[in-house]
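Protein chains: 2
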Amino acid sequence: MSAVAPRPVPVALIGLGGVGKAILQQLLSPPLSNKFNLVLIANSKLSLSLPLPEGQLNPNNFLPILEQHGKPLDVSSVISVLQTHPDGNGVLIDSTGSDAIPSLYPTILGMGVNLVTPNKKGFSGDQSLYDQIQSLTFPNSSTLAYGESTVGAGLPILSTLKDLVETGDEIEKIEGVFSGTLSYIFNEYSKPEGSDVKFSDVVKVAKDSGYTEPDPRDDLSGTDVARKLTILSRLVPGAPKLEKGAFSVPTQSLVPPALENAKDKEDYLNRLPEGDEYFANLRAEAEKEGKVVRYVGVIDMKTGKVECKLGKYDKDHAFATALKGSDNIISFSTKRYSPRPLIIQGAGAGADVTAMGCTSDLLKIYERVRTLPTPAKTA
Amino acid sequence: MSAVAPRPVPVALIGLGGVGKAILQQLLSPPLSNKFNLVLIANSKLSLSLPLPEGQLNPNNFLPILEQHGKPLDVSSVISVLQTHPDGNGVLIDSTGSDAIPSLYPTILGMGVNLVTPNKKGFSGDQSLYDQIQSLTFPNSSTLAYGESTVGAGLPILSTLKDLVETGDEIEKIEGVFSGTLSYIFNEYSKPEGSDVKFSDVVKVAKDSGYTEPDPRDDLSGTDVARKLTILSRLVPGAPKLEKGAFSVPTQSLVPPALENAKDKEDYLNRLPEGDEYFANLRAEAEKEGKVVRYVGVIDMKTGKVECKLGKYDKDHAFATALKGSDNIISFSTKRYSPRPLIIQGAGAGADVTAMGCTSDLLKIYERVRTLPTPAKTA
Chain A
1 MSAVAPRPVP VALIGLGGVG KAILQQLLSP PLSNKFNLVL IANSKLSLSL PLPEGQLNPN
61 NFLPILEQHG KPLDVSSVIS VLQTHPDGNG VLIDSTGSDA IPSLYPTILG MGVNLVTPNK
121 KGFSGDQSLY DQIQSLTFPN SSTLAYGEST VGAGLPILST LKDLVETGDE IEKIEGVFSG
181 TLSYIFNEYS KPEGSDVKFS DVVKVAKDSG YTEPDPRDDL SGTDVARKLT ILSRLVPGAP
241 KLEKGAFSVP TQSLVPPALE NAKDKEDYLN RLPEGDEYFA NLRAEAEKEG KVVRYVGVID
301 MKTGKVECKL GKYDKDHAFA TALKGSDNII SFSTKRYSPR PLIIQGAGAG ADVTAMGCTS
361 DLLKIYERVR TLPTPAKTA
Chain B
1 MSAVAPRPVP VALIGLGGVG KAILQQLLSP PLSNKFNLVL IANSKLSLSL PLPEGQLNPN
61 NFLPILEQHG KPLDVSSVIS VLQTHPDGNG VLIDSTGSDA IPSLYPTILG MGVNLVTPNK
121 KGFSGDQSLY DQIQSLTFPN SSTLAYGEST VGAGLPILST LKDLVETGDE IEKIEGVFSG
181 TLSYIFNEYS KPEGSDVKFS DVVKVAKDSG YTEPDPRDDL SGTDVARKLT ILSRLVPGAP
241 KLEKGAFSVP TQSLVPPALE NAKDKEDYLN RLPEGDEYFA NLRAEAEKEG KVVRYVGVID
301 MKTGKVECKL GKYDKDHAFA TALKGSDNII SFSTKRYSPR PLIIQGAGAG ADVTAMGCTS
361 DLLKIYERVR TLPTPAKTA
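The listed protein sequences derive, respectively, from chains A and B.
First residue of the first sequence? That's 1 in this note's numbering, and the numbers climb one at a time after it.
First residue of the second sequence? That's 1 in this note's numbering, and the numbers climb one at a time after it.
Mixed in with the good hints there might be a few duds.
Because identical chains cannot be distinguished in the list, a pair is counted as satisfied if it fits within a single copy or across any two copies.
Straight line, CA to CA, 30 Å or less: simulated DSSO-like cross-link-like pairs of lysine-lysine [claimed, not checked]:
1) K244 <-> K291
2) K71 <-> K305
3) K244 <-> K204
4) K315 <-> K364
5) K207 <-> K335
6) K302 <-> K265
7) K315 <-> K71
8) K173 <-> K288
9) K291 <-> K324
10) K198 <-> K315
11) K21 <-> K335
12) K21 <-> K291
13) K291 <-> K173
14) K173 <-> K204
15) K21 <-> K265
16) K265 <-> K315
17) K21 <-> K173
18) K45 <-> K241
19) K204 <-> K364
20) K265 <-> K207
21) K288 <-> K265
22) K335 <-> K204
23) K263 <-> K335
24) K241 <-> K305
Just so you know, these hints were derived from the structure itself, not from any lab.
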């Protein structure tokens, strides 16, 4: 029963954008640096095996070192490094936004390499890919795959839903504001106390403040919310099958009818005020009913519908009163949490909290592969 | 890599009150019934080894069967059953409210038996007991001890705090309404829109509706909140040491000065209106400042204070607007979740959700002791 220091778990990190850098920072700092052994980092072009002969990697020097010493990225050799590591049970962190790596998840998992990812593409893709991933992970195999930060970043959304379902609760409705960008835009444009700001002005401020994707239509299309809903609904027993993943989710686009023919991002941004009347009418209609407008994702098990849409909410509803800034809010109505739902709220985007979702997944893998064996029974 | 059905984990359940019965119900139903093997149930007097020769135990028949076939409870033989079970890695669920079993946690864990409990007494007791428990659990030993439902019942409070801390976030403040009973009482007695109901009337309705302990002073003393704060603060690096556990937490009692000399529960309940003026003044004072009154627990890392007290909150604060019924609400302000906190809200008491906290802990143990070994490496 004496304490034996468990071996650090080998980790490779692919994708060194904002989230990837924050993951690197968390991995290289206590309390994680003793539990994980970073054996490789890579961006979309170059990969670098660690440790370096010339010394320590740190969050400030990794980029020039990668550029100087990196070799062209070859995903199959990354998998091989993790698969053949003497400490076993390696973990690949896919922090890219690519479609290519998620399509390799079955290959990766099939080789016994564990997976952690903030990339929504794999878990919200075709049902066939999702089913393959499921068949290759616990309890069907020993391999583990986690994606907590694909929904709500570091907020405990997926783990809570799993707990509810796995302990036998019945989901009635999941409803929430799942996009930090759309949360910010609607919190500004439709306030409980009223507002007459123009929709186009709010979108422009959001873009200039870095709250939106470079092309704001990527947020306003609702696709990001549809991906999160897909990931959630696949954890709900009896929810509709989404054969084409997020593309099977009815999703209201916020690119107003007048702007659907915009040529490109610049044209769209210039012509944004043409949509203001459309949104002003929406808001006026809601205000007449004493309500605010929010862009929400809903999984309703009574109607069997999974959808992303504009919704009107009473001025004293949590979606009207509780939200500020770019917070996410997710409400679980279940047999046990009824009539009052379980609610989780907070920043649902940002590099540090998204990275946290990944490193907390890593800790779950650490605990599962590094729990010490049961002490020998006394005779 | 073929799927091998892992063996069910042996479980003994001591304590068959409301929460114990709900745990039994969840354990005997899918999806948990295949993962756990209930080998023994016990109340404070009798214990019964399972399976029964005469057939199935179910949530409706266990009590008469226990009374007919049970043997006098002997905790050391319960531990021995779990310790010597051929499937190993047994779990004791302490669903009692006793002080006696928590004092045995070091013995239980020291014998390699895992522990799940909704009983706050162990984790909120003397620091020396807590330190012993820590020294005998992962990562210091292979044995696991979980008590998620000791704070906020099934709400993911402790797991979220652990994730924040273990991934390197820094806790600045934890603040919340931690008692369903006190949440109900203050939501009724001090409303954002104003209220002139008498405090004594609210307490009486709460008692008659079964929201309070049989003696409402057990809730109004604040001790239950102090226990929860103790459990939380022990997970926060740098928080003050609480040598006597909950008894080291400065705790404002809501038994008003006029009633401190009440002889017994009946005397207290009869004389409750004598305290109304005290509470009416409190509320009037808050209303003058545009605020409501709430009974909160606070861990403030800036001031280094852990305390349970009456607080005044702006009428648009989440503690004023978001709370209804007997909901708990807990807010984590951290380096990452700042300036907007991470908030979790929902029913923080009740047999089903408290049992859920325990069964989700059981699932964590299941996953940690039943993760299949890594597939053999390909040559």
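How the hints compare with the structure:
Taking the shortest Cα distances, K244 and K291 never come within 30 Å of each other, neither inside one copy (34 Å) nor across copies (51 Å). Proximity of K71 to K305 under the C-alpha cut-off of 30 Å is found in neither arrangement, the shortest distances being 48 Å within a copy and 52 Å between copies. Taking the shortest Cα distances, K244 and K204 never come within 30 Å of each other, neither inside one copy (32 Å) nor across copies (56 Å). Taking the shortest alpha-carbon separations for K315 and K364, neither the intra-copy value of 40 Å nor the inter-copy value of 40 Å comes in at or below 30 Å.
Taking identical chains as interchangeable, the C-alpha atoms of K207 and K335 lie at most 30 Å apart only when they sit on different chains, with a minimum of 25 Å there against 40 Å within one chain. Taking the shortest Cα distances, K302 and K265 never come within 30 Å of each other, neither inside one copy (39 Å) nor across copies (46 Å). Proximity of K315 to K71 under the C-alpha cut-off of 30 Å is found in neither arrangement, the shortest distances being 56 Å within a copy and 59 Å between copies. For the identical chains of this complex, K173 and K288 are intra-copy neighbours only, at 27 Å inside a copy versus 40 Å across copies, given an alpha-carbon limit of 30 Å.
Proximity of K291 to K324 under the C-alpha cut-off of 30 Å is found in both arrangements, the shortest distances being 17 Å within a copy and 20 Å between copies. Taking the closest pair of Cα atoms, K198 and K315 come within 30 Å of each other both inside a single copy (20 Å) and across two copies (29 Å). Within a single copy, K21 and K335 get their C-alpha atoms only as close as 41 Å, which misses the 30 Å cut-off; across copies the closest is 18 Å, which meets it. Taking identical chains as interchangeable, the C-alpha atoms of K21 and K291 are never at most 30 Å apart, the minima being 41 Å within one chain and 43 Å between chains.
Taking the shortest alpha-carbon separations for K291 and K173, only the intra-copy value of 21 Å comes in at or below 30 Å, while the best inter-copy value is 33 Å. Proximity of K173 and K204 under a CA criterion of 30 Å is satisfied in neither setting, with 33 Å inside one chain copy and 34 Å between copies. Taking the shortest Cα distances, K21 and K265 sit within 30 Å of each other inside one copy (28 Å), while across copies they are farther apart (60 Å). Within a single copy, K265 and K315 get their C-alpha atoms no closer than 34 Å, and across copies no closer than 43 Å, so neither meets the 30 Å cut-off.
In this assembly of identical chains, K21 and K173 lie within 30 Å of each other by CA distance solely across copies; the values are 27 Å between and 36 Å within a copy. With identical chains, the CA atoms of K45 and K241 are never at most 30 Å apart, being 36 Å at best within one copy and 50 Å at best between copies. Proximity of K204 and K364 under a CA criterion of 30 Å is satisfied in neither setting, with 40 Å inside one chain copy and 46 Å between copies. Proximity of K265 to K207 under the C-alpha cut-off of 30 Å is restricted to the intra-copy arrangement: shortest distance 12 Å within a copy versus 62 Å between copies.
For a Cα distance limit of 30 Å, the shortest separation of K288 from K265 qualifies neither inside one copy, at 34 Å, nor across copies, at 52 Å. Taking the closest pair of Cα atoms, K335 and K204 come within 30 Å of each other only across two copies (28 Å); inside a single copy the shortest separation is 42 Å, beyond that limit. For a Cα distance limit of 30 Å, the shortest separation of K263 from K335 qualifies neither inside one copy, at 48 Å, nor across copies, at 42 Å. Taking identical chains as interchangeable, the C-alpha atoms of K241 and K305 lie at most 30 Å apart only when both belong to the same chain, with a minimum of 11 Å there against 51 Å between chains.
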